[in-house]
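For chain U, the structure is supplied; the task is to place chain R on it using the hints.
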Amino acid sequence: AQSVSQHNHHVILSEAASLELGCNYSYGGTVNLFWYVQYPGQHLQLLLKYFSGDPLVKGIKGFEAEFIKSKFSFNLRKPSVQWSDTAEYFCAVNRDKLSFGAGTTVTVRA
Amino acid sequence: KAGVTQTPRYLIKTRGQQVTLSCSPISGHRSVSWYQQTPGQGLQFLFEYFSETQRNKGNFPGRFSGRQFSNSRSEMNVSTLELGDSALYLCASSLAVAGAGDTQYFGPGTRLTVL
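Chains U and R supply the protein sequences, listed in that same order. Just so we're aligned: the first sequence equals residues 97 to 206 in the numbering used here. Just so we're aligned: the second sequence equals residues 41 to 155 in the numbering used here.
Here chain U stands alone, though its shape is the one from the complex:
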């Protein structure tokens, strides 16, 4: 079965720490990859996406993600988090439909 796995359920870090969230998928062939974020009380927003080309993609708010085809991975990174990055982060893979990982709750302590 097709699936998307996010490695961490809950991550707690302090401001200025670096963040890396893992995402692996099990689909073969061409896929489109996304990271969405859901801030408390807000709706899902697109952070970044990968369709083709440079496997290192940059998104909003200083986030970036690297697509490693051989590892079926699309990990999200941010060098220095802020308190306002507290949110739930979802990795998603699009083939004929958008399939989401379980999400990772990130709590940034001031």
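Hints listed in this document are in silico derivations from the structure and should not be mistaken for laboratory results. Predicted, not measured: the structure shown is a model, and the values here were computed from it. Using N, Cα and C, we set each Cβ at its ideal position, and we do this for glycine too. Possibly wrong hints are sitting among the right ones.
Stated by the list, open to error - Computed Cβ-Cβ distance ranges for the label pairs, DEER-style:
1) R:Gly56 <-> U:Gly118: 40 to 46 Å
2) R:Arg70 <-> U:Ser180: 45 to 51 Å
3) R:Arg107 <-> U:Gln138: 25 to 31 Å
4) R:Gly56 <-> U:Ser180: 41 to 47 Å
5) U:Gly118 <-> R:Ser62: 45 to 51 Å
6) R:Gly68 <-> U:Ser101: 21 to 27 Å
7) R:Phe109 <-> U:Pro136: 30 to 36 Å
8) R:Leu135 <-> U:Gly137: 34 to 40 Å
Just chain R now, kept in the frame of chain U:
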């Protein structure tokens, strides 16, 4: 450009009732997808409509149905509500069908509580 809008934002129903949720996509978007979000199951795909035709369907019982109108607005219906249907129902729109890989933009959701 206005975003995806969903109405109502909150609903409380009792078991056995039915409910209809509405979604208005971003202007010009022709694809509407619906998702159910729960703490236990996460985000699960319900179905996708494009040009008034259902293009794809997730693994949900037949009590869950939907439709799309000529102006791309979409409705989903849940009949014979069960307690387990309590969830946040999200609608997302995109220019093209999901299979084309187009970015989906999400609405704020409708919070359904079944008592």
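These are the hints, each one checked on the structure:
no. : hint                              : result
1   : R:Gly56 <-> U:Gly118: 40 to 46 Å  : holds, 43 Å
2   : R:Arg70 <-> U:Ser180: 45 to 51 Å  : violated, 34 Å
3   : R:Arg107 <-> U:Gln138: 25 to 31 Å : holds, 28 Å
4   : R:Gly56 <-> U:Ser180: 41 to 47 Å  : holds, 43 Å
5   : U:Gly118 <-> R:Ser62: 45 to 51 Å  : violated, 37 Å
6   : R:Gly68 <-> U:Ser101: 21 to 27 Å  : violated, 34 Å
7   : R:Phe109 <-> U:Pro136: 30 to 36 Å : holds, 33 Å
8   : R:Leu135 <-> U:Gly137: 34 to 40 Å : violated, 28 Å
Hint check: violations occur at hints 2, 5, 6 and 8; the rest are consistent with the structure.
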